[in-house]
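So the protein sequences, as listed, match chains S and Y.
In my numbering, each number is its position in the first sequence, counted from 1, plus 9.
In my numbering, each number is its position in the second sequence, counted from 1, plus 9.
Hints listed in this document are in silico derivations from the structure and should not be mistaken for laboratory results.
The beta carbon of each residue, even a glycine, is placed where N, CA and C say it ideally should be.
Be careful, since some hints might not be right.
[Unchecked claim] With a Cα cut of at most 30 Å, we get these calculated DSSO-like pairs of lysine-lysine: (1) 91/Y - 71/S; (2) 78/S - 131/S; (3) 78/Y - 78/S; (4) 71/S - 131/Y; (5) 117/S - 131/Y; (6) 71/Y - 78/S; (7) 131/Y - 78/Y.
[Unchecked claim] Which chain S residues stay away from chain Y? Per the calculated CB distances, all over 12 Å, these: (8) 13; (9) 14; (10) 55; (11) 63; (12) 93; (13) 128.
[What the hints assert, rightly or not] Sample of chain S residues facing chain Y (criterion: CB under 8 Å; computed from the structure): (14) 43; (15) 57; (16) 59; (17) 85; (18) 88; (19) 113.
2 protein chains.
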Amino acid sequence: MSFSEHLQSIVAQVDGAIACSVMGFDGIAVESYQAESNADAARELELSSAWVEFANLLSQLKNAAETLKTGQVAEVSVNSEKVITLMRMVNRDYFLVLALLPTGNYGKGRYVLRVKASEVGKEL
Amino acid sequence: MSFSEHLQSIVAQVDGAIACSVMGFDGIAVESYQAESNADAARELELSSAWVEFANLLSQLKNAAETLKTGQVAEVSVNSEKVITLMRMVNRDYFLVLALLPTGNYGKGRYVLRVKASEVGKEL
């Protein structure tokens, strides 16, 4: 399965999914996929700017985890007024990010990302 | 209800809760409450160091939200190997933070924090 197919499958499985991406901690997306049905939301939210910002925070969290006693970070979610953002670590260099409408299926999103992170990790 | 009573009520309602705190974005806790049953976990995890780090990140997220199109941040969760950390904004200056065991009730934690954030907000 290509990255694009994985991302497409994530978006298809989660109600309210707007877009999904495999990203590096440097904020550069390896591959992205956008739900056609929520294309307006994706444009309006300017997700790529938000994701660069979140990648930066995730990178800081990952580095902080080395000195903290709480262990490696596996998952981070940021729920804001207009979008829910779920991020799941794939390995030391990459993570999956999924944007959902505030009405989207948060639980299913977390589940699908967890399963897919391990599949994508094998292919990176 | 005092802050301490609110925090105690949060910890009592959520299975696997370790500790809960009302914190400022400067990383200083206004009030904290620790579950007696999970005192070992709280000590081992050195939660106060982690929370100072998370407060810093939350503060960056809050500032970033002003330039992003995704709206105000309402809730952030960081799931690491040894602890789940839920954070819920109370107002511009304060947030609630709840630490759960990885086996804790994540959904109930989110729900209780949302309800309590609005109650605590009225008293700050």
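Among the hints numbered above, which are violated by the structure, and what are their numbers in rising order? Violated hints: 3, 4, 5, 10, 11, 12, 14, 15 and 19; rest satisfied.
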